[in-house]
Amino acid sequence: MKLKGRAIFEGKAEGRALVSSSPMSFYGGVNPDTGEVVERGSELVGQSVKGRVLVFPHGKGSTVGSYVLYRLAKNGAAPCAIVNAKCETIVAVGAIISEIPCVDLVDVGKIKPDVRVRVDGATVEF
Amino acid sequence: MHLTREEEGMLAGEQGHATRKAMQILVALGKIYDADRMVRVSSVQVSGVSYKNLGDAGLEYLSELAKDGRARVKTTLNPAGMSLTDWKSQGINGGFAEKQLKVIEAYRKLGVEISCTCTPYLAGNEPGFGQHIAWGESSAVVYANSVIGARTNREGGPSALAASLAGRTPLYGLHIQENRVPTVAVDVETQLEQPEDFAAMGYFVGRAVKDGIPLFRGVARATLEDLKTISAALASSGGVAMFHLEGLTPEAALGARSLEALTFTKKELTETKSMLNDEGTPDFISVGCPHCSLAELAMLARLLSGRRVKREFWICCSREVKRQGDEAGYSSLIEGSGAKFALDTCMVVAPVEELGYKVVATNSAKACHYLRNAGLKVRFMPLEECVTEATRSS
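Chains as they are written, first to last, in this note's numbering: chain P, 1 to 126; chain F, 1 to 394.
Hints are computed from structural coordinates only; laboratory data are not their basis. Just so it is clear, CB atoms sit at the ideal spot from N, CA and C, and this is done for glycine as well. Treat the hints with caution; some may be incorrect.
[What the hints assert, rightly or not] Label-pair distances were calculated between CB atoms; the ranges are:
no., chain 1, residue 1, chain 2, residue 2, range
1, P, E43, F, T265, 38 to 44 Å
2, P, V38, F, Y33, 26 to 32 Å
3, P, K110, F, D187, 58 to 64 Å
4, P, K4, F, R37, 23 to 29 Å
5, F, N373, P, S22, 18 to 24 Å
6, F, K310, P, G46, 15 to 21 Å
7, F, G329, P, Q47, 58 to 64 Å
8, F, L101, P, S22, 24 to 30 Å
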């Protein structure tokens, strides 16, 4: 299936989907060194975002979260791409400063966990 | 989104790497929030200063930008994780201090004033009514929009810095008058006698209205200290970016009058205050969240004059307000009691939990909120009682 969204940060990437059905907080929610999700109550606790196409509705929490994405990228533990239903400031800024391909305005419910996803500009294919 | 020819060039890298990165951020935000153009800003307040939050990667990002990036407008800085000069006596370790000072050096190279305060409006960054600005620091955002009538969205550290490096921000949200109207009314049916009452009300209302714009009705007067603390409280329990006080703040007459209304009575005031109090005897007392005003230093000087502080007592304020306190003779009375000025930092961004303290007494609802998140116990009390607590034998 091919979905057309909106490119927040243009780029190409391919990886397995890691899907959260609820909004994600990066500051305090993801370990900036390892990429492990540590947010209490998150369905992804214990899994790592490293190298995955991270799919979630939108970001939440502290704006410091943008720097957490940057730390992940510098530590080689960032997702290879981000797909959102509706991107907001924290994730958009984080993706841009970290140069992680990021697409939004996509029906994220259609993307099943673990499928292979290819992101290219504004398109998401799986 | 329409960009001018100059802005297109900035985005293409004609004015260097940092400007390009800044424009990428601003254009993406403009896209997300449907801005049709950029607007020039006259003032920026940058958050994201404590090394505790930035880590090495954040430091690297700032250092990279500092190679060719320069602030284009007046830009001031939020508090750091320690005093820039007296970190040793605060118990901060040398490794942390070295990194924190590198963060500060990167900001200095970027042309940012090393003001290290959450109250830029008391320390020389004073925008005028109707001016477009880009501020981080949620309490200062609320104060600027509500009390000054300047226009800013709730910026994060990188987006505020981007606005400074490009001199612009996308025109959306609270930059547009029709988005500044109240969305919910609050009928205040109790006497608010001191700043702590305003703080408790802000904490209660922030939780109830989330990111709405409350219009408070029935408040007869408010001091700078009342407005400063309610701004901080509204932004910590909720995501409020602006409020109105009928008859008092400059844009309170905007918008429709038929609003859904909450009531705030003696009952909510008492319950909120009690909710902000844990068990335990305070071993750390701190005032100045947001940073103290000169009037607060005057009050502290009067209360502390001739007394001895028996427990760790931090008075957080900007270097600018401290300087005014020195001239007025307040600082020597305060320091003579054994109380410590905590400049450049505060009890929320300094690693207080790592300094071994367990129970913090403070007059700030915002500080209670964040200190609790950091695992400390809190006692919420008026400034006068904070002094009593600090000077009493435990």
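Each hint tested on the structure:
no. : hint                           : result
1   : E43(P) to T265(F): 38 to 44 Å  : 41 Å, holds
2   : V38(P) to Y33(F): 26 to 32 Å   : 30 Å, holds
3   : K110(P) to D187(F): 58 to 64 Å : 46 Å, violated
4   : K4(P) to R37(F): 23 to 29 Å    : 26 Å, holds
5   : N373(F) to S22(P): 18 to 24 Å  : 20 Å, holds
6   : K310(F) to G46(P): 15 to 21 Å  : 47 Å, violated
7   : G329(F) to Q47(P): 58 to 64 Å  : 60 Å, holds
8   : L101(F) to S22(P): 24 to 30 Å  : 39 Å, violated
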